[in-house]
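Colleague: Just so you know, the sequences run in chain order A and B.
At position 165 of the first sequence the residue is numbered 239 (our numbering), and the sequence of numbers has no breaks.
At position 140 of the second sequence the residue is numbered 214 (our numbering), and the sequence of numbers has no breaks.
I should point out that these hints are in silico values taken from the structure, not numbers from a laboratory.
Small disclaimer: the values here were computed from a predicted structure and weren't measured.
Hints should not be assumed to be uniformly reliable.
Said to hold, decoys possible - Below, in silico cross-link-like pairs of lysine-lysine (DSS-like), each with a Cα-Cα straight-line distance of 25 Å or less:
1) A/168 to B/126
2) B/150 to A/111
3) B/153 to A/111
4) B/284 to B/251
5) A/153 to B/111
There are 2 protein chains.
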Amino acid sequence: MTLQQLKYLVALDNYRHFVTAAEKCFVNQSTITIQVKKLEEEINIKIFDRSKSPLTVTPAGERIIEKARSVLGEVKEMKAMVADEKESVKGTFKIGIIPTISPYIVPSFSLDFEKDHHDTQLIIEELESEQIIDSLKKGKLDVGILVTPLNDRDIREIQLYNEPFIFYGSKSHSLVKKKELELSDLQTIDNLWLLKNGHCFKNQVESLCKNYNNKSSIQFQSGSIETLKKMVDKYKGCTLVPEMSVSENESENISFFKEPKPVREVSLIVHKNFTKEALLEIIRKKILKVVPDQFEKNERYIRVKWR
Amino acid sequence: MTLQQLKYLVALDNYRHFVTAAEKCFVNQSTITIQVKKLEEEINIKIFDRSKSPLTVTPAGERIIEKARSVLGEVKEMKAMVADEKESVKGTFKIGIIPTISPYIVPSFSLDFEKDHHDTQLIIEELESEQIIDSLKKGKLDVGILVTPLNDRDIREIQLYNEPFIFYGSKSHSLVKKKELELSDLQTIDNLWLLKNGHCFKNQVESLCKNYNNKSSIQFQSGSIETLKKMVDKYKGCTLVPEMSVSENESENISFFKEPKPVREVSLIVHKNFTKEALLEIIRKKILKVVPDQFEKNERYIRVKWR
DNA sequence: TATTTGATATTGATAAAATCAATATAATGA
DNA sequence: TCATTATATTGATTTTATCAATATCAAATA
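Turn these sequences into a full structure, and let the hints steer you where they fit.
Modeller: This is the structure we're talking about:
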């Protein structure tokens, strides 16, 4: 007994005519004939009385067809469930986002999302990358927003955009005066200010500025990009910041890199078993609305890894 | 999506181990692997998380497996229904039986049946062969007991026994004195008494005694074998009777045929869509209990047709 | 850091099945 | 009797399921 046979059975009951039933099932007439016959032979009960025209259903057949319908009904429900599983955005979802992305995305994004999706509640939490990855695996988070690639078999990455690194220095810094920076300009830098350990951004900056030399007497590792900038302003020196953190009034402190620019790849991540495709698509679209267009389009770049 | 895939899915959920699940399904491990994977690909949802050991079910998978179980549950119910359809003897069934069999079978049979099957009611009616066949086709009867073969496509015959024809004549009849009769002895017979038209037995007797010659001034066609015998006793002459109608005190009126004896084949008949196999088997066994053993065993005979 | 072990996936061959196009057969009505 | 309509059968073909063997992978072990 196969689902296919049950389908043919029900079609034949609906149309009481082999050719019509076959057409409705998009198969050849002999297929219906053979499969219905096989089923009848298997259960050893005649379901249709073919001697009548149009053919009729035997008393035992009535009950069998009714049951066949409910089997197929369950299958249909199952398929509906599967579709719903993917399309549904209803419910509560926890999102983890790293602190070097969060302040430049979350405010606009969450406002926009809230406006359009009343029956979806997002709980957004600022966490460091490793915490996000771990929580995602343990099922404590549904979605993460962080810098990829992670190369983790259990994690699925959905790329969002590439955000360039920007040089930030005191107004008098020699590199700030330079029109376009080369990566090699970072090789021998003094007074580089860094984020705390645990921030992927710190790893990236370190890997870009391999031989930095910290002469300052003050050792301070910041937890936010904004604090970092203030330290640079006060104590001189320099750092790298993500482009989205830069505001218009900071033009005298920054310097852009020459193409191909160093960038960080920002992605949505979910556990590989996550199935709410529709939700992911909505989140992706709304984040991209907040981000400058060229972050998506720019194809010439150097992707900096942190892990 | 196939029922097989759903079975494998559920087995894999039950044992959480491909090799074990495969064993329980009596298939190769790769079969489970492939079929489960195909299903996952079709619905595009991972059901199992194979990175864990023993493997675990994804949240979406839980719901899918649950639904798979209820699909299979419906299928199981369907199979149970089919089995019950055949095995159940509960209910009311109408049986038609011809008058030349009825008196020698029904009394003992119905008593025996009633004793053993309290929740089955049999309504037994005496009818002529053609009426039985017609009623069976129209669904007015469930079972018939009559003489076969019928060669009717809509009717299924279940042979019961072969009943010999017996010569019955007045005590002085020349053929009664003969030890063993040949069929040829019937070719030139006088004063043959016959049943009414409509009785298959009459057709059979006529075909056995092709050239009979009725000299008697009385034209009487009887409706029962017993009346026929009385006519023979009173008015001389002869007839043929079924062996079961012969009682011990009639030994001076009868004569047996030499082997191979002419017989009538008595069968249960049902419409070809009838499915209560268990009921048929019970009826068959109980009828055979009433009938002499040699009716079943005797393999050398001449089957007389009536139709 | 290699090695064994226990597990699932992959592969190529084979067997089984569903399907098709064409045709046969059967029943029905002109 | 001859069309007509319906279902069944047949042989070829395609698709699918299955198997045995082997690869791969991750975790445990030495």
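Colleague: Any of the earlier hints contradicted here, and which numbers?
Modeller: none
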